Amino acid sequence: MNPATVVHGRLRAGVRREPLLPVLVILLLALAASFQEFATVANFRNIAVQASPLIIAAVGMTYVIMTAGIDLSVGSMLFLAAAIESSQAIVGLPTALVFAAVCAAGALMGLLNGVAVAFTQVPALIVTLATMQVFRGAGGHITGQQNINLPANLLGIGTGSLLGVPTPVLLAVAVALAGGFVFSRTTFGRYVQAVGSSPDAAANAGLPVRSVLVGAYALAGLLAAVASLTQTARLGAVQPSIGQGYELTVITAVVLGGTTLFGGRGSIGGTVLGALVLTTVQTGLVFSGASPYIFDIVRGSVLLAAVLAAGARWRNLAHAVRLTGRRRPSRDGPYNSATSA
Amino acid sequence: MEPSAAISAATTAQPGRLARLRDRTRHVGWLADLAMLPALIVLILVLSTMTDGLLTSSNLINVLSQSAVVAIAAIGATFVILTGGIDLSTGSVIGASGVASAWIITSSGNLAAGIAVGLFTGTMIGLVVGAVVARLNVVPFAVTLAALYVVSGGTTLLSHGKTIAPVPMGFIRFSIDGPGGIPYAVWLVVLLYVIAQVVLTRTAWGRRVVHVGASIEVARISGVNVVRTGTSVYAVAGFFSAIAGLVLTSGLAGAGASMGNPLLLNIVGAVVLGGTRLSGGRGSLLRTGIGVLFLGFLSNGMSLLGLQSYDQLIVTGAFIFLAASADGLFRWRRRRAVRG
Amino acid sequence: MNRFGVARYVAAVAVASLTLAGCGSSASSDGSDAATSAKKRTIGVSFDLLNAIRQAEKASIQKAAEAAGYSVVFDVADQDAQKQASQIQDLIQTKKVDAVIVIAQDGQQIASSASLAKARKVPFLAIDRAVADQQNVTFQITGDPVADGKAVADEFLAAAKTKPLKVLELVGGLTDQNAIGRRDGFNAALAGQPNITIVSQVPTDWNPTQALDGTSNALQKDPTINAIYIPSDFLLPSVQSALTAAKKLAPIGDPKHIFMVTIDGDQNGCKAMQAKTLDADIATPVEEFGKQAIAAVTTAVGGKPVDPKTVQAKGLTLNQANFATTSSQVWGCAS
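Residue numbers (the numbering used here), protein chains in the order written: chain A, 21 to 361; chain B, 54 to 393; chain C, 169 to 503.
These aren't lab readings, by the way, just hints derived from the structure by calculation. Only a predicted model underlies this, so the values are computations on that prediction, with no experimental measurement involved. Be a bit skeptical, because a hint or two may be false.
To be verified - Quick partial rundown of chain A residues pointing at chain C, CB under 8 Å, derived from the structure:
| id | residue |
| --- | --- |
| 1 | His28 |
| 2 | Ser54 |
| 3 | Phe55 |
| 4 | Gln70 |
| 5 | Arg210 |
| 6 | Gln213 |
| 7 | Leu255 |
| 8 | Ile262 |
| 9 | Val306 |
| 10 | Pro312 |
The beta carbon of each residue, even a glycine, is placed where N, CA and C say it ideally should be.
Work the whole structure out from these sequences, hints included.
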């Protein structure tokens, strides 16, 4: 077999698996060609740092969405975690203890979500809609809706660097690798996909459905807290509007990356790419000097374009799997094939 | 019912199964729709003991008129959720239709033209969204999220972020005056709910909507044009969002691009609180109405209590969860009883 | 629903309502105690949102109200114009407050609340954000956003005399009339000025993270940026962080120093002025808002017309030259 064909075949398989990769590459190349300051190490470092909290939070959200659930409270969790970090009781403790406390708080928040989703019949949308309000209210209570500056020792996790690599990036890489590893190589990861695919079948097969759900949401809460630590450190202060609307951004990154909202199928790598694409678009808009009015329009169009483009690619696959069960490919909805009916 | 099971059921040509599925998805009876009514009553009772004046006629009318905009938009949201979809762009369509109509009204003085343009704007946006969802087969969450950004950004761009006002006095008085002291806007809500419920339960289109939500494969096999139904339901949602936008413009005496955005959570929350299933196939306008009233009384009660805004958030969240779990408790118990 | 289920549910609701009662009683010490004591006048206050400067405005109202013997009921609308209209309606019609003080989410859309107040003969006072239709407004005291923007421009013009400025302009909320005013005032005053170029306009939507990322991107795009206009102190920490990350946060006198001017005058702005990393801050006269609003309430409930009916309190320019003498008048420096 001709090596070119092998490479070509591998490339096509890779692209089919991660349709967002060529999109990101083309985007980067186009921007680098248009603006000379774009293709610098400093700029790529900027993009990586800006994308890092989003990547961390989105990995957690990927797990939740893979269980066919959703977490609307991630923005509020971000805020509450920051509020706890800045609270009188915690902020003066040694740095490591502060981080541990905030992470524990995040895991607890996620645990609350998970227990509510797993043990009651309330849909995840409602549970997390409710906790979205509760967490933001609790955070407002703690901060008194004021700005609170963080002391210098807590800023390193956002502004520092190790061996030239900024700390947020290191955290994001670690989370993404760990998240991908757990997803594809551990029992928990497989269970998450099974539960998302068909909770009834999973239950019948003896899987601990409830524990898996609780675990997924707790993980999302923990990662939201980690994202909060690094993001708030970058900002230098806790402000009342932190995280507002963030859930939509995180979910956009996950959906862009190919994880289906129906559950059971997903990709951590895709989520990382989705976050990178979103951040690159944001940066590109500033570089292009575009009018402030069009930022939102571009954001929505990018999402739509990516989803449509991926949809077209998957349509053949859709035909094939349609009759064998609920497996619906990434971005496709249930209206399989516009050509029938 | 699992699509695979439904398909095998249909393809073994057992009309009995199909008929049973149809029966199961038909509107189950209005008594079941009142499942959330006890929660609403408990809420009102609890709030009335803690506040002064909650149960006065003037305050009750206030609650109704304060809930009117959400109530109207929730009609469209109910239809969309009945098909198993969701519409995140509702808030932005409310803003877009309101701004479009206010612009026509203030620049041309023609009220009828303004209303028509507003309704047209909302319906067209909904049609486009519906076409992408149903024809191009993209997940509703993603499409309507994209629409949210594009419509909101577009409206802000076209209006330069400015609010369009003042609108004519007659238009404003629609939300204030009315027979029996109840504003015309509230009567409109009641009328729309009755019409919508009739459409849902007694028209072929309404039945198709429910079938598509219950099982899209079975609906297609039994001859329903799922693509057309799916498209039309988002257009209908756009239409009702437009009406809501007009009522909001009337109530606020002006229209701004971002005026509808904060309402999205209340709209979707009201529908789901009322007990309409997010997976589609089960639900009704009566349920949504109760959900709207629940959120309306909660908000009104907390405002009267003078709770700190962050405490209000906590209480709102807690009550939303409690109310939803009450319905869930009921279903869980019933399922347990059935399984034996 | 069997009896056990009902009992569990009722218990849960009872617990929730007890919590509500607990929260409600701690908050209502502001309000409903008025009913028991000698007929104290109650003022309903409706804010659009709650953040650092709103907390200062709230405090100034409460201080003045307490001094005048009024009690205050306080509502926040979370940036929802419709919610604000509902809350004001509740204040006027059900809680029957004696006056309302409002920071409008939208100066046009607050008109219906103003006319409701007029119809119920409740004095309607506006602060901070101007109400478009003044016919039903009893008294209004606001800043002057366009003048504030121009004051910022004046500082830029003075600095541009020594060297040409390449400006990064951060843009606040695109539908916020105050933000629009500040932006327009700034841009109009600088139009056609040869020494000053606005090289980048970054939208922030009043979001600190967007301000942080946007500033980093703008500095990356054009490293020769040597001036930044921040339309509110609220975004200052984000900009400082972005500058620190780019190793460009330097005090005046350092050749790397970037000329910066903000508006509002909060604690962060004051600290930055003291550290000489901020060149000027146009302070909002928050104390005046509360003082004059309460004074107007007293006049209005006494049945007399308020004169002057509209006050536009210009921002107080605090710059490095006048810092020693002026800082005491800035609310952010006082705390």
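Tested hints:
no. : hint   : verdict
1   : His28  : violated, 36 Å
2   : Ser54  : violated, 11 Å
3   : Phe55  : holds, 7 Å
4   : Gln70  : holds, 5 Å
5   : Arg210 : violated, 35 Å
6   : Gln213 : violated, 32 Å
7   : Leu255 : holds, 6 Å
8   : Ile262 : holds, 7 Å
9   : Val306 : holds, 4 Å
10  : Pro312 : holds, 3 Å
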